[in-house]
Structures are given as structure tokens and as C-alpha cells.
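Chemist: The primary structure of each chain is shown beneath.
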Amino acid sequence: MAGDTENRRPFRWHIAVFLAPAVLVYTAIMILPLFGTLQLSLFTADGHQSRIFAGLDNFRRLFFDPRWSATFWNALWNNTWFFIIHMLVQNPIGIALAALLSSPKLRFSAFYRTAIFIPTVLSFVIVGFAWKLILSPLWGVAPNLLDLVGLKSLFVPWLGKEEYALTTLGLISVWQFVGIPMMLIYAALLSIPDEVIEAAECDGITGMSQFWKIKLPLILPSIGIISVLTFVGNFNAFDLIYSAQGALAGPNYATDILGTFLYRTFFGFQLQTGDPYMGSTIASMMFFIILTGVCLYLFAIQTRLRRYQF
Amino acid sequence: MSKATHSLPRTIAAHAVLIAYTVIALFPVVVIIINSMKSRNAIFRTPLSPPTPETFDLVGYTTVLAQGDFFLYFQNSFIVTVASLFFVLLFGAMAAFALAEYRFKGNTLMGLYLALGIMIPIRLGTVAILQLMVASGLVNTLTALILVYTAQGLPLCVFILSEFMKQVSDDLKNAGRIDGLSEYRIFFRLVLPLVRPAMATVAVFTMIPIWNDLWFPLILAPSEATKTVTLGAQLFIGQYVTNWNAVLAALSLAILPVLVLYLIFSRQLIRGITSGAVK
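Going line by line, the protein sequences match chains E and H. In this text, residue positions in the first sequence follow this note's numbering: the first is 1, and each later residue adds one. In this text, residue positions in the second sequence follow this note's numbering: the first is 311, and each later residue adds one.
Just chain H, same shape as in the assembly:
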């Protein structure tokens, strides 16, 4: 490669810009987390310094844990996310396999029909979804959320997985057929293990919007027993808006699990995006 692209000033300039933007990206998150561990006076007097032994105070966290039912909210979010993820991956992989493996009448049409939901957001059907849930008595249940998120996640899942399933070798599947495996066994035993990396990518893409969603919990399941952590944090913060310790602690508690999960899965996520999975 030419020298011009790698001269020292250019490299330094590139790093300077990237560091500056990284600071912008991380600054609000860091400010929230460090201030959540300080006493009320220190929050206002020295908002930009990390907690010192004198200013260290966990009163915000104790308030949050005493007042809000955050463990229940976490549990609800967890159940909804994991269950939706399970159904999206299972149903999505099955449909993707049918579309990628078999030639049948209307195959392309079915693929297009399922892909429609990638571009058209499910939110636009909210009025009728609520009526449907009221009619079937599912309002204020986690089942309602799981159903909606399953439908929301399926289009992208089918689309990405069918691309990957087309790459699974035919010889392998035909060898399985000659050995007398049923189509179901070929799918579960041969194909699913081979597309596991793609499934992991889809899982991360599906999980983030479900965990973070505010719209459907607010509309379909706002009761105390079914609140998700996003809705719970939103209501809690609205209620305790003048108690800065509690608000900062609630924000930190909502940030941390997502941050930890992200740092664990970030390689998977970034590899998924950069391998062109979302094109």
C-alpha cells in the first residue's frame, strides 16, 4: 500500500478523531454510572469526578431495590426475551429450511410474503393487535408480548437463515436421506447444527429490540405483575424524578445487564453485521 495512506500525521489524526468520538459515545453512560454511586451533595458539586471514599454512597441503589419491584421486572423481561427468542429461532429456522430446501409452488411468493415484515413495522397494527389481545383475554399477560415479539422477529430471521441454509451442502442432506433419515431429522440433526453461527447472529439482532421495547409493554401489559424492566424503569424514573440518587441508580441498573450482555456477544454481533448478514 502506498505511503500516503499510512503516514504518521494521518494515523495520528485518525486516532484523534476516533478517540474523540469514542469519548462522545461513552461520556453520558460513564457520567450516569459514576454519579449513581455518589452522595446527593457530590452529585451536584462534582458531577464529573469519580466517586471517592468520602463521596461514595449507595443510597440510590437501596432506594431502588426497596421501592421498585425490579427483580420482578427483570424476571419478566427475561422470560419474554428468552421465550420470544426461542420461538423466533425455532419457527424461523423451520420456515427458512422449507424455503431454502424444497421447491414447491409459491415458494418465492411465500418468501416475499414473509420478508414484508422486515420493512413494515409491526407497531402500525397496534390498534388491531390490542383488540385481538382484548378479545382473546391476553391483555396484561406475558404471552401477549411473547406472541407479538415472535411475529416481529420472524421476518428477518427467516430472511437471514434461508440465505445461510442454501449454503449447506446437498450431498450431506442426500446422504442422510439415503441412510433413511426423515426430513425432520435431517433438519434437526444435520442442518441446524451447521447454521448455529448464523442463529447466534440472528439471536443477538432479535434480542436487543425486544429487551429495549417500550411501546408494546406500555400498551399490552402495563400491569404491575407483567411490567418489563424498560417500562418499570420508565415509570419509576417518572415517579422519583426529584430523587437524583434513585434515578441515577435505576438508570445504571437498566444499563448494566445490557452492557454486560453486549460485551459478551459483541464479537458475534459485529461479525454478523460485517459478514453482510443484514443486507
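Okay, chain E solo, but in the shape it has when bound:
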């Protein structure tokens, strides 16, 4: 808030005026509630409308109390698996598509770019329901398609089976968001100067080996950014699971991730009543997980990756 403090020199009011609205809204709606939530996680209800300080008891309950810990570790593991799917499927596909799109003189590349990015602008609700219908055994779009290639026997109601549901949802989410790594890598590939590529070609490095040896090392910083964006997005996900499987994240909590767990805990569902204190505790855990990921990226990865300045 340096702009608002009194200065020895004539105070430049316009700086404060320019900064004030953004800083006020941002602080009041984002930063203070974030710390408020962290603070609430240290309290618990005493049954008389007031709250009592509980120290780290809520966290202890979350980790060790059998009523909470099973759900929590299940959600955390599911969330991790969700993230792993994105890293293993979404980012390689995105990089491959970007590499194809960035080849010079490729025709219709604007069309491909626009079309492949379409799922990314749709809401989770649309995506979740659309895929739920397409994969539904009632409708039969998916079995019909498999029948075309003679693989009808492979069809399973993927979203309804405990062992497949989470992976299926992960792949749906990959389908939706592959456009983001594609665009960012595409931008990074375009920014590689022609001289570097020409020099490689003079040395006889072309095609695939050119991609692996020249371009990939140059776009590593962008891959780092994509990874951390994916991490934050995945550990904060909620909408897709909620639209496709409901707040209970069925079948039998097989698709429960931290976002749906937070929602159920905070608002209550069916027999369980809402608990803002345990809700805050889960939100705080999500905050710490995301913060750890971002810090790991900033200090461990980004400082080691050399940025090439052209």
C-alpha cells in the first residue's frame, strides 16, 4: 500500500487514485477471504453459534480420524491421478499438435487451430453432460462407433465403473483443454528464430531429430509454464466432476477429488451437515498443495531452465 502512505515530497494523489480501486477490490474479495479461510481452519464450532480455537485439531482429524482420512486420502490420490493423466496425455498431444501446426507452409493451419481450440471455450457443464450422453449405453453413440471398427465388445459404461470412471473423466478433461498447451507451445515454436533452424539444417539436422534436438530444448520454459498451469487447474478442479457425476462423485466416490470433497464438506450433502470449519481445513490443504507446486516451479524448475533471449 505504498501509494497510499504519506510521502515527504508532495504526495502524488493520482497514483493512489489509479491504484485504489483494483487494490481495494482485490484485497477485500480475494486476499482477505483467503487468509480468513486459512484462519477458520484453526477453529471449530462449540455448538452455541460461536467458535472456539482448535489449533491444528482439524488437520489432525482430516489426516487421522477414520471418518475423514479415508475420504481425504482417496480424494487426494484421485486428484493426483487426474493430474498425472493430464501430464501424460494432454501435454504430449498438445506439443505434437503444436509441432505439426508450426511447420511452415502448412495450409489451413488457422482452421485447425480454431477448431481444436473450440472445446476449451465451452463450459464444464456442457462438456460433462455431452460426454455423459455420448458414453451412455442408453444412447449408443459410443457402442455404434466401436461397432464401425469391429470393437463393439470393448464397450463398457466407462463413467459408471469404479475402475474406469476417473480415468475417463481425466481424458474428457484432456479433450477439453488440449488447446491450451497447443497454443502456448505453438507460440513458443513460432518465436524460435529462423537462423537457429537454418543453422541446424546446414548441419543436416532435419525433421524429427530437429524437433528433439533443437526445438524441444528451446521450448522447455513453456513446457514448465504449462505444467504449473495444469497443476493449479487440476488441484482446483470441481465443475467437470460435479456436472458429470454429481456432488457424491460416484460411483462410490471413485471420482472424488479435492474440489468435490470441499463442496460436500462445506455445504453438506444428504445426511451429512455442512461444516465451514472442516471446509476451510480442506481449502487450506488445497492452498498449501497449490502453493507448494507453484513454489517448486518458481524456485526449482524455472531458475534452472535457461531462458534463451533472441
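Derived by calculation from the structure, the hints in this document are not laboratory data. Mixed in with the good hints there might be a few duds.
[Said to hold, decoys possible] Which bits of chain E does chain H cover? Going by a derived footprint, with three or more residues having C-beta under 8 Å, they are:
# : region
1 : 24-34
2 : 275-284
[As the list claims (entries may be wrong)] Here are the computed distance ranges between Cβ atoms for each label pair:
# : chain 1 : residue 1 : chain 2 : residue 2 : range
3 : E       : L220      : H       : V392      : 33 to 41 Å
4 : E       : S191      : H       : K476      : 49 to 57 Å
5 : H       : L368      : E       : G224      : 48 to 56 Å
6 : H       : D481      : E       : L291      : 38 to 46 Å
7 : H       : T356      : E       : D194      : 20 to 28 Å
8 : E       : I192      : H       : D481      : 27 to 35 Å
A virtual CB, placed ideally from N, CA and C, is assigned to each residue, including glycine.
Chain E is fixed; fit chain H onto it per the hints.
Modeler: Positioned in the frame of chain E, the structure of chain H alone reads:
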């Protein structure tokens, strides 16, 4: 460039892969839209064929328009998105200008403070945000949503716009100062028009997550009068889950406005991403 990268088989292979992926990307959207215009029997018998004169039926759309209050939901989404966008761009540009133009104590610190929200999602503060809105009586109002989305959009907006504002020439601003323009006029008259392209990019980035969000409408404004179209579609589909015509029509109605807006702004959006605005 060498021949190896442009040989015919390679080009054909590249197109084949890209076409295949484009089909994967568009297939679900196309299936939903074509089936929304068919009769119930045709939806189940021939899900993959486009509507023919015999199977063409708009019963789904009439159900949706008769049952759900979709016009109201659209209006709510529209008000929330436009108002949030306006405040994000105005407040964000003002703060970005202050950070980019003036040297004052704590400038860098303020920049970092505002950038914090790019990486930390506002959702994590939901418990306290709800308490705040309850305390200030804003639950079930569009104002609550507008406030939250303004706060959510500001960090990225300030970050991107301040990069662009640093590029506006000092000579121009100093010429304005010599002519006796106030700092406010320099900002509104000289700088804002020059960063308009960057503002458009920020606008598109800010708009999509706001329009599509389900979390905050569900928590802060679930009442009938304040439902957004995303929440409305979600509840409507949950309710009419066995009426396939209605569900498909509701999905199509939710897809179409976003699709049209995207096709109008896609060049802006893609140019914004590829110019490195989100790095």
C-alpha cells in the same frame, strides 16, 4: 528450407493427424447439435446422421423455452459478464498504468502482490467469501458475482496490461504533460486508446471463465432470479435427465452463444496467446 521437411508424404501425414484430431475435437459438439433437432425416435435410431425432413423436430427447444427461464438466465449471465469485464478492464488498466508509469516506493512489491492471484485460485477463499457476502447481505445478488469475478480477473489483467503500457512512448506522454494535460487525461486520452488491442485480448481471456463458471453461481447466487445460464443449464439438465430432446436442446442453447462469440473473437484470442501475452 530443406526438402525433407516438406516432402509430400510428410505433408499428407501432418494433415491426416490434424484432421483426425479436429474430428475428435468437434465430434461431440456436432453430435449434440444435430441430435437436438431430431425427433425422439430418430435420436436413438440414427444418432450419427444429420436431421432429415422426416426426422426434423424442434420439440426439445420448445420444451426448454417453455419450462426453463432461459431468457432470464441469459440476461443474468450477460449482466454479470459485461459488468465484471468493465470493472476488470477499468480498474486493471488504471492499476497497470500506475505500476508501469510512476516510480514510487513499493512499486515492485505492489506488482508482486497483485500478481499473486494469477497462480492462487480465488476459489480457495470460498468459505470466507460466502461469510463476507452473508454479512453484507449480498447473497443471491448479481453484485456478489460481479465483485468476485472482478477480483478474479484483476491479477492477470494488471500483469498483461502493465507489460503493454511500458511500451507506450514516453515522448507522447511528456508532450501531453507540457500541453497541460492532467495525469488522468493522459491515461484516458493518450494511453488507453493505444493499448486497446491488448485490452481486447485481456477481455476475451477474462470473459470465458466468467461465462462458464459454475462454482460461484452455485454457492453465492443459486436463487431462481439470479441463476446464470451455466447453473441454469446444469439444474435443468439434472431435472429433465430422461427427456433427451430437452437435454440436447438445452446443451445446444448453452453451446451456441459461446461458439458464436468464439468464432467472432477467435482471431483476437489466438493472436493474444501467440503474441506471448500469457507468459
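Chemist: Taking the hints in turn, state whether each one holds.
Modeler: Evaluated hints:
no., hint, result
1, 24-34, "holds (count 9)"
2, 275-284, "holds (count 5)"
3, L220/E <-> V392/H: 33 to 41 Å, "holds (40 Å)"
4, S191/E <-> K476/H: 49 to 57 Å, "violated (19 Å)"
5, L368/H <-> G224/E: 48 to 56 Å, "holds (49 Å)"
6, D481/H <-> L291/E: 38 to 46 Å, "holds (43 Å)"
7, T356/H <-> D194/E: 20 to 28 Å, "violated (51 Å)"
8, I192/E <-> D481/H: 27 to 35 Å, "holds (33 Å)"
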